[in-house]
Each structure stands twice: as structure tokens, then as C-alpha cells.
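Peer 1: Got chain R; can you put chain W on it based on the hints?
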Amino acid sequence: MIENNELTLVLILVALAATLAGRLLAKRWRLHWRSIPAYVVLPESAADAVESDNRIHFSMGSSAIGQASTVSALVTAELVYRLSQRLVVSRQTPLITVSDPVTLTLAQDTLRRAYEYRCRIERYHSRAAAWYPQGARSLVFAAGVSSLAADADVSRSVLLGRFGYELALLGESALRHGQVLIAHSDRIEGQAVAFAQAQQVLIGEELYVGPAYMNGRLIEQGSVIALDLLRWLVIVGVLITALQAL
Amino acid sequence: MRRHRLLDILSTVTVISLGLVTVIGLLSDRDSTAGEMAGFLIQLVALISALAVLVGIVNLLAVHTGRIRHTEYGWPYSLIVLLAAVAVVVLRIIDRAEGWSGDLEGETVSLRVFEAVQVSLESALMGLLVFFLVYAAYRLMRRDVTVWNVLFLAAIVVVLVGWIPLENMDALGDVRDWLVRVPVSAGARGILIGVGLGTVTVGVRVLLGQDRSYRG
Numbered sequence: 000m001i002e003n004n005e006l007t008l009v010l011i012l013v014a015l016a017a018t019l020a021g022r023l024l025a026k027r028w029r030l031h032w033r034s035i036p037a038y039v040v041l042p043e044s045a046a047d048a049v050e051s052d053n054r055i056h057f058s059m060g061s062s063a064i065g066q067a068s069t070v071s072a073l074v075t076a077e078l079v080y081r082l083s084q085r086l087v088v089s090r091q092t093p094l095i096t097v098s099d100p101v102t103l104t105l106a107q108d109t110l111r112r113a114y115e116y117r118c119r120i121e122r123y124h125s126r127a128a129a130w131y132p133q134g135a136r137s138l139v140f141a142a143g144v145s146s147l148a149a150d151a152d153v154s155r156s157v158l159l160g161r162f163g164y165e166l167a168l169l170g171e172s173a174l175r176h177g178q179v180l181i182a183h184s185d186r187i188e189g190q191a192v193a194f195a196q197a198q199q200v201l202i203g204e205e206l207y208v209g210p211a212y213m214n215g216r217l218i219e220q221g222s223v224i225a226l227d228l229l230r231w232l233v234i235v236g237v238l239i240t241a242l243q244a245l
Numbered sequence: 000m001r002r003h004r005l006l007d008i009l010s011t012v013t014v015i016s017l018g019l020v021t022v023i024g025l026l027s028d029r030d031s032t033a034g035e036m037a038g039f040l041i042q043l044v045a046l047i048s049a050l051a052v053l054v055g056i057v058n059l060l061a062v063h064t065g066r067i068r069h070t071e072y073g074w075p076y077s078l079i080v081l082l083a084a085v086a087v088v089v090l091r092i093i094d095r096a097e098g099w100s101g102d103l104e105g106e107t108v109s110l111r112v113f114e115a116v117q118v119s120l121e122s123a124l125m126g127l128l129v130f131f132l133v134y135a136a137y138r139l140m141r142r143d144v145t146v147w148n149v150l151f152l153a154a155i156v157v158v159l160v161g162w163i164p165l166e167n168m169d170a171l172g173d174v175r176d177w178l179v180r181v182p183v184s185a186g187a188r189g190i191l192i193g194v195g196l197g198t199v200t201v202g203v204r205v206l207l208g209q210d211r212s213y214r215g
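Line order of the protein sequences matches chains R and W. Taking numbering that gives the first Met the number 0, the leading residue of the first sequence gets 0, the next gets one more, and so forth. Taking numbering that gives the first Met the number 0, the leading residue of the second sequence gets 0, the next gets one more, and so forth.
Looking at chain R on its own, in the form it has when it is part of the complex (with noise of 0.2 Å):
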């Protein structure tokens, strides 16, 4: 049983009330958000990879479907899908990396579904999503998908999910072979690396409203919403709970 269970619910409550009221806002009122670069740079990314006929390496870390990185799971996946859209045009068949073997099927299916998209079907294969196992602290997953990206002549990789430690090896890698790197993870180690040494960086709800960000249907705009008004909750909660500890 959860504890706190009151407090979830309300959560989970307000979130749905606020996303709900920000899907009427969006389709009420044009809303600008404000600039997060790397989903500037993502769609400039993809146009120039079809360009100049270069491969993208999408990487989900070991982000699971089944487990507590399931949502970060699903929406590394959509903005996988949303690019691959634009890059499956191209001869070059995007590369995707995930170290859980369910989130495998769900990558394969997001690639599928891009060549569907494009009515291209017959150019998909299967193998264009590769499975590594985590190991012990996830560095086999990084030496395999180094070697991979590397090999396969990748021009960009976008590491998209949950990354420990170990994404410094494969940013080192992605950077000594000349890739454009774009990172993110919700684990804070995974975080700082990504801070180091990606070109561009999303941290840490950044990533759940980029499919707001990439042609966001309004329900989407309503969650970017939702965050906004749960942010302001927990900042003045935070500051009610300091103020009667003074």
C-alpha cells in the first residue's frame, strides 16, 4: 500500500483536472512555451541527417517498461517516433538501443510504425532496434552500444531516458567519433554527465514535455500545464513548510 495514500490521490487529481482545463486553454488560445534548445536543435537534427545521408542512434538507456521508468520509457518512444518520421524518408534506417528486452518490442514497434507512416513498410527491419543486457553497472550496455553507433557510422545520438554513470562512456565515445550528442537522464549521476558533456542537454522534466514541444496535440499542451501548476504547488508548498519551520 502506498503511504500517504490521500496525498496521491489528490495528485493524481489535480493532474487530471489541470490537464483536462489546459487541453480547453490550448484549444482556446495559441500558447507559447518557453525555448528549450534541444528541441530546437532534435527536428534541425533529423532534417539534416535525411540531408546528408547520416544515421541517427537513439538510445533509451535502461528505461523499462514494467518497472518505474516505464513513463520515461513511453515518452523516449514517442519523441523517437516523431523523429523517425521525419527520418525514415531517408535511406538510412535510425538505430535504437534499449537495455530492457520489453522496451525492445516497444522500440521495434515505434520504428514500425514511422515506416508505416511514410508507407514504407517493406524498408523496416526489425533489427534496427538492438537489445544489450545491463550488466551489473550497466557497462556492458554502454561498451555494446559504443561499439554499435560507432560501426554503424552514426552522426548523432540522442540518449534519451535512464542513463547512469555509464553514460559517460558512451557520450566519450559518441564525442570521439564525431557525433552530435543530445542527452538527458532521470537519475541525477546520469544527469551531471549529461551536463558535462552533451552538446545539448534536457534535464529532468524537460524530457516529459517533449512531445508538446515536437507538433503537440492538445491534450499534450494540457500536460505541459499540468506540470507548470504541480511545480507552482510543491514551490509554495515548499515555502509554506519552511516558513512554519522558522
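For the record, the hints were derived by calculation from the structure and aren't laboratory data. Even glycine gets a Cβ: it sits at the ideal position worked out from N, Cα and C. Mixed in with the good hints, there may be bad ones.
Beta-carbon label-pair distances, calculated as ranges [unchecked claim]:
| id | chain 1 | residue 1 | chain 2 | residue 2 | range |
| --- | --- | --- | --- | --- | --- |
| 1 | W | V54 | R | A244 | 44 to 54 Å |
| 2 | W | A185 | R | D150 | 35 to 45 Å |
| 3 | W | A84 | R | L24 | 48 to 58 Å |
| 4 | W | R141 | R | I239 | 41 to 51 Å |
| 5 | W | R142 | R | R122 | 34 to 44 Å |
| 6 | R | L24 | W | G189 | 21 to 31 Å |
| 7 | R | I239 | W | V116 | 54 to 64 Å |
Chain R regions said to be covered by chain W (calculated; three or more residues, Cβ under 8 Å) [to be verified]:
| id | stretch |
| --- | --- |
| 8 | 74-82 |
| 9 | 168-177 |
| 10 | 181-194 |
Take a look, some chain W residues computed to stay more than 10 Å from chain R by CB distance [to be verified]:
| id | residue |
| --- | --- |
| 11 | V12 |
| 12 | T13 |
| 13 | T32 |
| 14 | F39 |
| 15 | L78 |
| 16 | V80 |
| 17 | R91 |
| 18 | V144 |
| 19 | A170 |
| 20 | R175 |
| 21 | V179 |
| 22 | L207 |
Peer 2: For chain W alone, coordinates are given in the frame of chain R:
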């Protein structure tokens, strides 16, 4: 097209209903029907995850067999991966059949090989990470000198120097402790709260059946 639409509806209905049952179950007593149902669903997920490892292994073998067949760049490494995979399976089978004799009798050779090769390789890579990180910090400053980058680098330097066990360095050690305890801890919590809130908002979208990433 019609088949896909049916799959869409089926997967959406499955996700919404199972998601709601799990949420209600987790918010209820563990002994209640809803709680037991949620527990069963979570066990089911664990079972599927275990079975899915087979899918992963098949994918690993398919990816590397394909690379060898098409003689893609770096294919000899793929051959090593395949040979290593076969060797591990063979060793495990011999272990289970207790087929070793002589000095190896009664030994679990696959475990010994695992410790000798993988653990030492992982430890070596872990050792390299420090150098990668220091080089990354240097590259960060070469790329762009901003207030945040300078702050990040200064924090790294203070923490690293603070760990040096020299005499008369107590003051720096105190600064390091304060840095780790106050600003680093606050920043880390801020990021984790953000990730948590992001998870809740996307989770709500999934429960509403509005997240399309899993649809067929």
C-alpha cells in the same frame, strides 16, 4: 487499416482498465480485492519481463548474425559476441549437468568465467570513467564559458580537492561537505521532484488513453 484501428482500441482499453485497477489497488488495502488484483498484475508484469529476456537474446543474436552476413564494418566483433554467447550457454549446460572432472569437479565454471571476465572488464571501465568526466569538464569550458558552467567546474574542483587527505585542508573539506549537503542536495531534489511531477502528468495522459506511444 481496420485491423490497426481495432488494435488501437484494444490496446487503449487494456491500458486504461489495467492502469485504473492498478492505481485503485495500490491506493487500497493490500488484503482487499483491489489490492490483491493490483499485486497479481504487478507479478504478471514481472513474469512477462523475465520471459522477454528471451526476446532480447534472440534480437542480440539476430543483430550480430546480420552484421556478419552482410560483412558490415566491425563484423569480427559481432563474431566474438556470438562465440561468447554460445560459449556461455555451453558452459552453463555443462555446469548444470555436473559434467566437469578433475580439478574442476563440482565447480561452477560459468560463474567463475563471469567473474574473471565481465567483472574485471566492468571494473576497468569504471576506472576510466573518472578520466572521461574530467575531460568532459575541460571540454565543457572550451565549448562555452557561462556562469553555470563555471559554477559546475568550481564545484567539481572543490569536491575533488576536498577529498585529498592532506594536513591543513580541513577548511576545504568543510566547504566540500557544505557543497554536497546544501546546494548539491537541493539541486538533486529539485531535479527529482521535477521528474516525479513529469511522471505524474504523463501517467495521467496514459490513464486517459491519450498517450499513443504503445499503440499498434
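Peer 1: Taking C-beta pairs only, is W:V179 more than 10 Å away from all of chain R?
Peer 2: holds (12 Å)
Peer 1: At the C-beta level, are W:R141 and R:I239 separated by a distance inside 41 to 51 Å?
Peer 2: Because 44 Å falls inside the window, the suggested range holds.
Peer 1: For the stretch 168-177 of chain R, do three or more residues have a beta carbon lying closer than 8 Å to a beta carbon of chain W?
Peer 2: holds (count 4)
Peer 1: Closest CB-CB distance from W:V80 to chain R, is it above 10 Å?
Peer 2: violated (8 Å)
Peer 1: Evaluate the condition: distance from the CB of W:F39 to the nearest CB of chain R exceeds 10 Å.
Peer 2: holds (14 Å)
Peer 1: Find the nearest Cβ of chain R to the Cβ of W:R175 and say whether that gap is larger than 10 Å.
Peer 2: holds (16 Å)
Peer 1: Apply the coverage criterion to the stretch 181-194 of chain R and chain W: a residue qualifies when its Cβ sits closer than 8 Å to a Cβ of the chain, and three qualifying residues are needed.
Peer 2: Holds: 5 residues of the stretch 181-194 of chain R have a Cβ under 8 Å from chain W.
Peer 1: Over 10 Å from every CB of chain R: does W:T32 meet that, or does the non-interface label fail?
Peer 2: holds (14 Å)
Peer 1: Test the statement that W:L78 is away from the interface with chain R: the closest C-beta pair must be farther apart than 10 Å.
Peer 2: holds (13 Å)
Peer 1: Do the Cβ positions of R:L24 and W:G189 conform to the proposed distance bound of 21 to 31 Å?
Peer 2: Roughly 26 Å apart at Cβ, these two residues keep to the hinted range, so it holds.
Peer 1: Quick check for students: does the CB of W:V144 sit more than 10 Å from each CB in chain R?
Peer 2: holds (14 Å)
Peer 1: Are W:V54 and R:A244 spaced within 44 to 54 Å by their CB atoms?
Peer 2: Since the Cβ atoms of W:V54 and R:A244 sit about 51 Å apart, the hinted range of 44 to 54 Å holds.
Violated hints, listed in ascending order, are 16, 22; each of the other numbered hints is respected by the structure.
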